[in-house]
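Enquirer: Chains as they are written, first to last, in our numbering: chain A, 1 to 131; chain B, 132 to 262; chain C, 263 to 393; chain D, 394 to 524.
Rather than coming from a laboratory, the hints here were simulated on the basis of the structure.
Among the hints, erroneous ones may be present.
[Stated by the list, open to error] From chain B, some residues computed to sit far from chain A (all C-beta separations above 10 Å):
#1 Gln151
#2 Asn157
#3 Gly181
[Said to hold, decoys possible] Now the in silico label distances, taken between C-beta atoms and shown as ranges:
#4 D:Glu492 - A:Glu99: 45 to 51 Å
#5 D:Leu417 - C:Val281: 29 to 35 Å
#6 C:Glu361 - A:Glu18: 54 to 60 Å
Quick caveat, the model's predicted, so the values are computed rather than measured.
By construction, the Cβ of each residue, glycine as well, lies at the ideal position given by its N, Cα and C atoms.
Protein chains: 4
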Amino acid sequence: MESQTERASTTPSADASEVQMRILMNECVENCLSCFRSCSELVPHCLGMGGEHANADHIRLLSACSVICETSAKMMMLSSEYHTETCRICATICRACAEDCERIGPDDPMMSRCAGVCRRCADSCEKMSAH
Amino acid sequence: MESQTERASTTPSADASEVQMRILMNECVENCLSCFRSCSELVPHCLGMGGEHANADHIRLLSACSVICETSAKMMMLSSEYHTETCRICATICRACAEDCERIGPDDPMMSRCAGVCRRCADSCEKMSAH
Amino acid sequence: MESQTERASTTPSADASEVQMRILMNECVENCLSCFRSCSELVPHCLGMGGEHANADHIRLLSACSVICETSAKMMMLSSEYHTETCRICATICRACAEDCERIGPDDPMMSRCAGVCRRCADSCEKMSAH
Amino acid sequence: MESQTERASTTPSADASEVQMRILMNECVENCLSCFRSCSELVPHCLGMGGEHANADHIRLLSACSVICETSAKMMMLSSEYHTETCRICATICRACAEDCERIGPDDPMMSRCAGVCRRCADSCEKMSAH
């Protein structure tokens, strides 16, 4: 999954800031797809656990995070200028999802891992929302 | 596709503003799905027409509009509070897409029709972005 | 959402079977989008109900049905020849989902309604899977 | 994106074939997401190139491949039994897309790269379609 980086390195006329932006966008697509996967896989895990894990609001937040990560990835893969807007919302939802995972499953390795993936995606999307 | 309206009418304790909000959200999901369909179907039409219709920026805007309409519909179907954010962006992209369709295909019935669907979705999403 | 029908009626050179096929496909896209909506909205309803409604296998089947209906609609909106394959699987999953909704919520109006929407989508997809 | 592998390695009661299956599914989700990305990013590249690259049938096939890869990934992430069906179709579409990319852009590095990603995804999905 390194196509954007490769393109950057083979475009001699791109100046430094443009190359830097492509590297950041490439990382952001990767982080959005990882978070899309992590949240999507956590839904059946949480439903199987039951109790607080399967609470409707927690499943809703995981699902919303999955949807917005997929959407932000799609906007960047299209090279749409609107990725700045979707990345901004994505960062907000990822932060909320990370907090919810840590609150509900502080000792559940899958929940802790997902919280980390959400935070990395949020950081990456925040950088992109400025471009 | 009237489930939200039906639920509204069978919930006696809901007050007037809550019922009104459910009716608006029900319409907005419907408008987002119609616009998702209209923009998605326009992509192969435009590619088949060639020329200005198949311009990369026009196809990109149609595709971005299709993606955000699907996303806004999903957030509302999930009953996620974040639909206010996705509806706000959706309105922006739908207005840009409507203008582009009218500029490129003023005499093409499918383009004119899509512009109308985009405007109706934008109006509906603007109302939802306030709730 | 009648663009395919409209196009059919304004294409004088299309012969009878081609017009008939476009009408069926138009209906099938509509049925897939309705079922995508019905199953998507049922997930938060079932999670809120708890008990058997919120069983992991039931939520998984509703989610799988939502995903395949969205996919079949997309393949037809793209005019992809592969819609015959996605419609065939869509019919299978919709039938399984209808049965599950009726088994779990025989007296729940939203579950009964969703079962009907799934059956209508299955019938429609079965016709398309032959074309 | 290694959650399935991690789970496999920390489940002592899973027998060898079950562990093997989880490793294959984990790889297949990864391959589907890579192919979803590769095909999605190739669409704006091809539209920008024009000529045969921007041919409506080629864009349609890239789009169909992107849709089915996303769908197969979602079915596996849900742990839905229907992933066998979506993986089977995914393999078929990925092979067709790989051939089309090689036919149209034998000297275009992005097209060649995408063909390879499609072939790897097809191989992986074929294995999963048997389970």
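Enquirer: Output the indices of the hints that this structure fails to meet, ascending.
Expert: Violated hint (a single one): 5; every other hint is consistent with the structure.
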